[in-house]
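2 protein chains.
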Amino acid sequence: MAVSRCQRLSGALVQELLATVDTVLFDCDGVIWRGDQAIPGAPEVINALKSHDKRVFFVTNNSTKTRAMYAEKLGRLGFQASEEEVFGTAYCSAVYLKRTAKLDGKVYLIGGNALSQELQRVGIQHVGSGPDPVTGSQNDWANVPLDPDVKAVLVGFDEHFSYMKLARALRYLDDPRCLFIGTNTDTRLPLEGGRAVPGTGCLVRAVETVAHRKAQIIGKPNHFMFDCLASEYGIQPSRTLMVGDRLDTDILLGSNCGLKTLLTLTGVSQLEEALEHLESGSEARLCLVPDYYVDTIGDLLPALQG
Amino acid sequence: MAVSRCQRLSGALVQELLATVDTVLFDCDGVIWRGDQAIPGAPEVINALKSHDKRVFFVTNNSTKTRAMYAEKLGRLGFQASEEEVFGTAYCSAVYLKRTAKLDGKVYLIGGNALSQELQRVGIQHVGSGPDPVTGSQNDWANVPLDPDVKAVLVGFDEHFSYMKLARALRYLDDPRCLFIGTNTDTRLPLEGGRAVPGTGCLVRAVETVAHRKAQIIGKPNHFMFDCLASEYGIQPSRTLMVGDRLDTDILLGSNCGLKTLLTLTGVSQLEEALEHLESGSEARLCLVPDYYVDTIGDLLPALQG
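Protein chains in written order, with the numbering used here: chain A, 890 to 1195; chain B, 890 to 1195.
Hints were generated in silico from the structure; no laboratory data involved.
Identical chains share a label here; the pair holds if one copy fits it or two copies do between them.
Simulated crosslink set (SDA-like; lysine to any residue; CA at most 25 Å straight-line):
no. : residue 1 : residue 2
1   : 1103      : 1080
2   : 1103      : 1077
3   : 1103      : 1084
4   : 991       : 1068
5   : 962       : 1025
6   : 1103      : 1174
7   : 1040      : 1084
8   : 1103      : 1159
9   : 1040      : 1077
10  : 1040      : 1085
11  : 943       : 961
12  : 995       : 1085
13  : 1103      : 1078
14  : 995       : 1084
15  : 1103      : 1162
Please take these sequences and the hints and turn them into a complete structure.
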């Protein structure tokens, strides 16, 4: 099939595309659900893909849930899914520190329960989670006690982010041997109704600024999450479809890893943005253009049921 | 006198330079004091400059003190100084909002007592100062109550910086008419003994990331602080000397405003950095090269007493 750019995926083209694909990767927020509501038709689409022998995985930058929490939510919203199909940044960050970085020490964690649990599951100890309000004065902040076993700072979503956490991160990261990992750089976490809350990217940028260093980012569009999945399951990139709602994370990940890409318009990015990238003629911006788009993944259902 | 680049200022050259100068601007931290200790000889140098009829001003990015607090500290450490000679970012931010932006409304302040007091002094009301710990869940953070009179967000040094403050700033700054001001972008605040605490730049970057906007920065190297001072006192840039310890704020401000510049080596920047900029031959980097340097401003004392 000839490569097309930003083509509406409907009718016979759906079956034509699926015949060239073994594996489908779905982003979650804005793609298969919004907040606590499944996108209409999404469970049926994913369950039908599986009954057509497609392998399905859920690939999300959100670090606030463990694999088990995602599997529970997926099941509750009507998706057939198991823990092993979920690749979130909480899980992948723990895998990165354990397998890739071969961390021998503790983590100073700016992050919540899910990150905490995934680190524990791979046997990595951590300090730092929970509230850390400021006390004392400048000299106290500059001399906060450190845990000498900490060999990495991991920054994920943390609603208890505070000035004291920045002060501790500064001191740990002043040692150039201390690893510096960020789960993802999404600047906002969109909620239902158009509202949003600050995303992990804000916290990562603050820590990068104080550390005078860049974090190694685990999440999309960096290829680590796909590598992690591909190495466990023997995925062939050219026969894999990435479905997402963000050009700068999902679609760019697909381009970076040689996957086919499908933009769904139920989340962050608009069709107009994709078309602007396409029409710019800039090679760098073409990486942000999906092969296909749909208004909602529910639009795939007729072809799968036909 | 011919312009020289990065020349040691000593001996007869001190008097030669001072003959061409009416006004001397001093940065504070790392220049005239470190923490709560005056740099040896600094009070005598500044007092002698005044007795030689030079006008002296104190120009600092630090937003944690009001003009009155600075005057008190200066006096306590032996400097002859009055409030009117102090141009800190707490005062200048209030002046900017009042005179330049002609703000008609309240400020959402991420900042401490000094900013709070300087805003009050110019008659600007504000909300937001003090601790703001997280409560509730995502939907609560996305729907935090807003003060409808807030027309500007001001970010300065705030040891109570928290996730909730980011969430509120996001909502205020989603209105494109809401002004967005940062006091300064220093990434760290150096203390005595080589230690440091996170600087306002970390907080400004976090808010810029969530807001998808850049803040208007009041502090050095932006020229607003010098404009503020020059308009009040009728300063002639070419007959003004800026003395500082940072190439990227103090010396760059001097270059940006057409001042003579003197680097003192008792603070952040090293002579080697200045020489690397000089030898790079890059036009952009030449702005970071001081005209002169001294090991400490105490070195100027013999020439002033001679």
